[in-house]
Amino acid sequence: MTFQLQELPWLEAPPADFKSLCNALDASDAPDGAEIVGLATKALNTDQLTRLSKTIERARTKTKALSPLRGFHLGLLGNGTTCLFAPALAAGAARHGVLLRVTQADYDQVAQEALDASSTINAAKPDAVLLALDFHGLPFNSAGGNSSDQSALDYVGMIREGLERGAGVPVIFQTVACPPQPLFGSMDAQVSMSLRRQIQDFNDGLRELAAKRGDYILDVAALAESIGTQNWHNPVQWNLYKLPFAQTMVPIYVEYVGRLLGAIRGNARKCLVLDLDNTLWGGTIGDDGLEGIVLGQGDGVGEAFTEIQRTALQLRDRGVILAVSSKNTDEVARQPFREHPEMTLKLDHIAVFQANWSDKATNIEAIAKTLNIGLDSLVLLDDNPAERSQVRKALPMVAVPELPADPSLYARTLLNAGYFEAVTFSEEDRQRGDQYQANAQRAELSAKSRDMDEFLTSLGMTIEFHAFDAVNLGRIAQLINKTNQFNLTTRRYTHSEVETMSRSPDCLTFQIRLRDRFGDNGVIGVVIARKKDATFDIDTWLMSCRVLGRRVEEAIIAELVRHCRLNGVDTLEGSYLPTAKNGMVRDLYKKLGFAPAGGTDDQHVWKLDISEYNVPALPFEVIRDSAANA
Amino acid sequence: MTDEEIYSRLTPIFRDVFDDDTLTPHPEMTAAEVPAWDSLSNIRLVVAVEVEFKIQFSTGEVAALKNVGEFVNVIRQRASR
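These protein sequence lines map, in sequence, to chains Z and P.
Counting the first sequence from 1 gives a position; the working numbering is that position plus 9.
Counting the second sequence from 1 gives a position; the working numbering is that position plus 6.
Since the hints were made in silico from the structure, they are not lab data.
Please note that the accuracy of each hint is not assured.
Some residues of chain P that are not near chain Z, with every Cβ distance over 12 Å (derived) [stated by the list, open to error]:
1. D9
2. E11
3. I12
4. S14
5. A38
6. V40
7. V53
8. Q62
Which residues of chain P face chain Z? A few of them, derived with a C-beta cut under 8 Å, are [stated by the list, open to error]:
9. M7
10. R15
11. D25
12. T28
13. I61
Just so you know, these numbers come straight off a predicted model, no measurement behind them.
Heads up, the beta-carbon is just placed ideally off N, CA and C, and yes, glycines get one too.
Bound-form chain Z, shown alone (with noise of 0.2 Å):
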């Protein structure tokens, strides 16, 4: 039992007749984006990715809108043959939902088209560049062995430089991989004459310059690792053909730049559903029960289900929504979650709980439904056969990696198959898991719950009204210049003017803050009125739409009726100026028992007489400044 990595174990085989179904699309007057999808999304070999990248690019010509693909052009610089894999990149991009065009330079032009603004890669201005270096196009020194790495690392750095003058793109580099000869044997790493040495030094170099000018790194290194170095090199063919890299490696290497290419376009996939039964445990539930499943320690094959499991909550842990979708008992299902003490995933870390008896495709696409995300988002991991060939014909945008029969290559299958491939990484993506499942929670306890008022009541709110304050000045400051949609006046203040408001004593602010039992939403709302005479005039009100429809609106007409009680204001004016983008809130006011006074086709008047106005019983507790309580 192998994993050959340069397979790509995790894709079916193409289909028998893939060469006519090539043939048809060429015939076509309007080829199927989602079709050249299917057919990249295949284990294919390079004649294969090379005949479908020629469909391709007559497809790309043939007609503008190849949905779902994106397009992207790359100019490629490399030294060596390069027009060996270049004809095959089209294909291994579509895989990820990239409509790829390729500028290529002549053979071994790396410095001459960098530096030449009117060069073919500058002149393209494509949208990034891949510097395909391998070791025998840059500068290493064995025989000196004085910082000669230096010497690599300021070549790429003029040739960066170079582009950035030319063609002001970003880069994506390419990190070095080591050839399998030693110089010294053990101690190679340790002296800077050895290339080993060198080309890690180098490497370094090259991650440090990408990520302080934001451009990307593929890394071949890592790959190359991966597969062996002794069969990344091929000498024989560099010798006679000057070959980068062996010529059987061409599919991962282009599966490489594909899925590089999708994370940048942001196709990258978001969320793992997972089947339960011998996917995250050996056996069955249902069947063998608590006692009876085997996960854990002391068992081989029940390690091989606790490693799935680890590698399932290290990708929650970086952003990576999970959800399970099995046919079972919800039940039974969720019982080993609670109860099998070696379950190193819990239910909390599962945003959606899919558990039934109806076929997977509607349970996956109730579950994209669930968490607001694209079907293209999601990915299956399923040990049984039929159910991954059901989803795959049902919804064949949802990625469905084949699994070996071993589960013990459950976890490299899945982390070698690329889907959540990713280019940046940050303090809110790690966080995602958490947001996902409270907004997940919050939807099914919707879909519980018997009518709304309940719903409300059971998600236990709390808002809370703060006038402006220091510390949020820049947040408020900036919601008031980006909101758009649920935003009555969309007046639009700097932060020096917000801050001018904050210290008026005319001026009434509010910044509302929600939470309920799911989590913190944070400033939800801001409200800026003035009092004039005997009326407030609510010159600002706005609302992140995220909160819409948990009666937020009426709890703050609420809280400023009590704010023109306490300041003998008997009229509340609001106004609502019509743009492109807030039609929603068009009759808001109207539906809160405002009258119509007036204004203009552009300056919508209304009108609440505060006599009138009967606080109505609101789903929240209230939390307000203590200033505000006089």
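Given chain Z, put chain P in place with the hints provided.
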């Protein structure tokens, strides 16, 4: 391995590499005869043959090839080892 067997396994490789379903390799065939047979597709051909017959050509062997017949000779020798 008989030459007949070698040719029958070569035919689909030629058709895939040169993307031409009318090709049938024969001993006197040279690159001049096949429009798509250039230095790049030649590399793909050699690699596809290596994969198919589970052999590795040496640097000298590949450099010396003149036509399909010589190619088949090398395959026969290498595959029988």
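The hints, checked one at a time:
The Cβ of D9/P sits about 24 Å from the closest Cβ of chain Z, beyond the 12 Å cut-off, so the non-interface label holds. The beta carbon of E11/P sits about 21 Å from the closest Cβ of chain Z, which is more than 12 Å, so the claim that it is off the interface holds. With a minimum CB-CB distance of about 19 Å to chain Z, I12/P clears the 12 Å threshold, and the non-interface call stands. Distance check on S14/P: its Cβ is at least 18 Å (rounded) from any Cβ of chain Z, clearing the 12 Å threshold; non-interface status holds.
Even its closest Cβ contact with chain Z, about 20 Å, leaves A38/P beyond 12 Å, as expected for a residue assigned away from the interface. Residue-level check passed: V40/P sits 15 Å from the nearest beta carbon of chain Z, beyond 12 Å. Remark: the non-interface label on V53/P conflicts with the geometry, its nearest Cβ contact in chain Z lying 4 Å away (cut-off 12 Å). For Q62/P, the requirement that its beta carbon stay farther than 12 Å from each beta carbon of chain Z is not met, with the minimum near 7 Å.
Interface hint at M7/P: violated, since its Cβ lies 22 Å from the closest Cβ of chain Z, which is beyond the 8 Å cut-off. The criterion of a C-beta within 8 Å of any C-beta in chain Z is not met by R15/P, whose closest approach is roughly 15 Å, and the hint is violated. Interface hint status for D25/P: upheld, as the beta-carbon distance to the closest one in chain Z is roughly 6 Å, under 8 Å. The beta carbon of T28/P comes no nearer than 13 Å to any beta carbon in chain Z, farther than 8 Å, and the hint placing it at the interface is violated.
Annotation: I61/P was flagged as interfacial toward chain Z, and the flag is violated, the nearest CB pair being 12 Å apart, outside 8 Å.
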